[in-house]
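First to last, the sequence lines map onto chains A and B. The opening residue of the first sequence carries number 15 in our numbering; numbering runs sequentially from there. The opening residue of the second sequence carries number 21 in our numbering; numbering runs sequentially from there.
Errors might be hidden in some of the hints.
As the list claims (entries may be wrong) - Selected chain B positions facing chain A (Cβ under 7 Å, derived; list incomplete):
1) M72
2) P83
3) S84
4) K88
5) A89
6) L92
7) A93
8) L103
9) S199
10) G315
11) W317
12) A321
13) A324
As the list claims (entries may be wrong) - Facing chain B, according to a computed beta carbon distance under 10 Å, are these residues of chain A, among others:
14) L38
15) G43
16) P46
17) T65
18) F107
19) W157
20) K159
21) L161
22) L253
23) Q254
24) Q257
25) Y260
26) W265
Unchecked claim - Listed next, with one range per pair, are the computed distances between beta-carbon atoms:
27) A:G236 - B:K302: 38 to 48 Å
28) A:N239 - B:R86: 25 to 35 Å
29) A:L90 - B:D330: 48 to 58 Å
30) A:S148 - B:S107: 25 to 35 Å
31) B:F183 - A:M263: 16 to 26 Å
Honestly, the hints are just simulated from the structure, not real lab data. Note that the Cβ used here is the ideal one computed from N, Cα and C, for glycine as well.
Single-letter residue listing:
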Amino acid sequence: MENQHLYNYILGIADNSLILGQRLGELCGHGPSLETDIAGTNISLDLIGQTRSFYQYAAKISGENKTEDDIAFLRLERGYKNVLLVEQPNTHFGYVMGRQYLFDVFHLLLLNELQFSKDQTLAAIAKKGIKEVSYHKRFSGDWIKRLGDGTQESTTKMQEAIDDLWPYTDELFDMTEADTAMVQEGIGVDVSKLKESYYKEVTTLLTQATLKIPQIDYFSRGGKNGVHSEHMGYLLADLQYMQRTYPNMQW
Amino acid sequence: MSNEQIKNLEEIFEARIARDEKIEAKDWMPEKYRKTHIRQISQHAHSEIVGMLPEGNWISRAPSLRRKAALLAKVQDEAGHGLYLYSACETLGVSREELYQQLHSGKAKYSSIFNYPTLTWADMGAIGWLVDGAAIINQVPLCNTSFGPYARAMVRVCKEESFHQRQGFEIMLKLCNGSKEQKDMAQDALNRWWWPSLMMLGPTDAESVHTEQSMKWKLKRKSNDDLRQQFIDQTVPQADLLGLTIPDPDLKLNKQTGSYDFGAIDWDEFWQVVKGHGPCNKERIRARVAAWDNGAWVRDAAMAHAAKKDEQKIKIAI
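Looking at chain A on its own, in the form it has when it is part of the complex (with noise of 0.2 Å):
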């Protein structure tokens, strides 16, 4: 493929959104109110719409023939670029919160920087994804307040949560082949150079919530190279069965 490092780069960015839409997409009709419901539902509706606005131009740039479905649902489990993070499992609520928030902080972040692409393209993917990912991370933001700075209980549950994702925060900064590519032709964003901002913000707000900042030396990383937790295996069954059950038809 000629454009293989734009195309990696675009699914690494989409595969993260389509795993989380994923995972709340679980959690419809299970959640502890009507109106976290309605929520969380709408953020993975907005999840899943930017994942194909990302996909349908990756699969316009392959030049191979491909829908924005053969990528969303035709790939081995190694060929998906996701973080670990975005693949954990909906433990609880403050798991499922936490997972958010600190991934929608590094989200924003990132689209922030790339509504400035030389790539008209995802310059105007970002664009339109930055008002949601806006509203996302408040979203989730407040819900880190409330249960934090809550009852005992949702103090324990939710520091709980934080002490168990913060490992997988650090791999948000680490550059793929493909990014590092991207970067040098104006078309991609140096993650890595994220790192300082999105510390200090979820820091800010974890204390602002009464939690307390894992110290830890050792952070999980893998999934962007494609080598996943143990729940991806399971995550990709479902999402994929009906495509790998009945193969090259249409829905």
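Starting from the structure of chain A, add chain B where the hints point.
Chain B only, in chain A's frame:
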């Protein structure tokens, strides 16, 4: 208030309804009117949120991104309908928590159709096409019902339901124009959902206990049997268009009436499901109870946090 005064108020009230005036939450209303409306609106709200479960079952497995997005949007609409209907009900002086308790304890009913399982992707088509189709027939007359908050909620609900119905039909159409496996899947879904959809329009007129009073209050404009006939007459040509066979050997166009005659409905099955013995009654209620119980700490935290914020505001003000 003396009996005579109450009688007088009742007469004025009934006259307002007869003049097609809307009754608003703060207006005087007979206790029976209030209770009947709480029962019907909450039953409707419960049906919306229980109805999220069988369709939510396919969000993670939707066959394309477009379908996944459409299904998410549909289930989100249902949650929204639940929200306005619970709010309409709350204007009658009952809390959402009380209504949930009634659902969880089995005291309140919801539409029995949601106690059937969604086994294949085609069920997403069949639910939209048939179940939402039957729901619209039931609900359109409610846009003119006498209780204002309910009537206004229904205007919005019906607009969205009719979109869902078209979306469901479109899923079926795609399957019917697809491979043999897809068409078989569509036929199988029609076979399983047809009779429960007919039952959804309620027991026969002879057995329907609330009809007469409900007609007077415009909670009902047509009888269950009339609505059922309307649904069948509307749906049979759509099945023909899809190339699917309605699973009723007695279904036949009656040239005299211009309507379809149809076979006997298995009312034993209907009552069995209503009484809690359908294929998924237990699962549906368990799922709702689990969501509520598992979410208790979240709701408690939100209340505690809000109280802390209020306290801080007061301290600052002092």
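Evaluation of the provided hints:
{"no.": "1", "hint": "M72", "result": "holds, 4 Å"}
{"no.": "2", "hint": "P83", "result": "holds, 4 Å"}
{"no.": "3", "hint": "S84", "result": "holds, 5 Å"}
{"no.": "4", "hint": "K88", "result": "holds, 6 Å"}
{"no.": "5", "hint": "A89", "result": "holds, 5 Å"}
{"no.": "6", "hint": "L92", "result": "holds, 5 Å"}
{"no.": "7", "hint": "A93", "result": "holds, 6 Å"}
{"no.": "8", "hint": "L103", "result": "holds, 5 Å"}
{"no.": "9", "hint": "S199", "result": "holds, 6 Å"}
{"no.": "10", "hint": "G315", "result": "holds, 2 Å"}
{"no.": "11", "hint": "W317", "result": "holds, 5 Å"}
{"no.": "12", "hint": "A321", "result": "holds, 3 Å"}
{"no.": "13", "hint": "A324", "result": "holds, 5 Å"}
{"no.": "14", "hint": "L38", "result": "holds, 9 Å"}
{"no.": "15", "hint": "G43", "result": "holds, 4 Å"}
{"no.": "16", "hint": "P46", "result": "holds, 2 Å"}
{"no.": "17", "hint": "T65", "result": "holds, 7 Å"}
{"no.": "18", "hint": "F107", "result": "holds, 5 Å"}
{"no.": "19", "hint": "W157", "result": "holds, 8 Å"}
{"no.": "20", "hint": "K159", "result": "holds, 7 Å"}
{"no.": "21", "hint": "L161", "result": "holds, 5 Å"}
{"no.": "22", "hint": "L253", "result": "holds, 7 Å"}
{"no.": "23", "hint": "Q254", "result": "holds, 9 Å"}
{"no.": "24", "hint": "Q257", "result": "holds, 6 Å"}
{"no.": "25", "hint": "Y260", "result": "holds, 6 Å"}
{"no.": "26", "hint": "W265", "result": "holds, 4 Å"}
{"no.": "27", "hint": "A:G236 - B:K302: 38 to 48 Å", "result": "holds, 41 Å"}
{"no.": "28", "hint": "A:N239 - B:R86: 25 to 35 Å", "result": "holds, 29 Å"}
{"no.": "29", "hint": "A:L90 - B:D330: 48 to 58 Å", "result": "holds, 53 Å"}
{"no.": "30", "hint": "A:S148 - B:S107: 25 to 35 Å", "result": "holds, 27 Å"}
{"no.": "31", "hint": "B:F183 - A:M263: 16 to 26 Å", "result": "holds, 25 Å"}
Every hint from the earlier list agrees with this structure, and none is contradicted.
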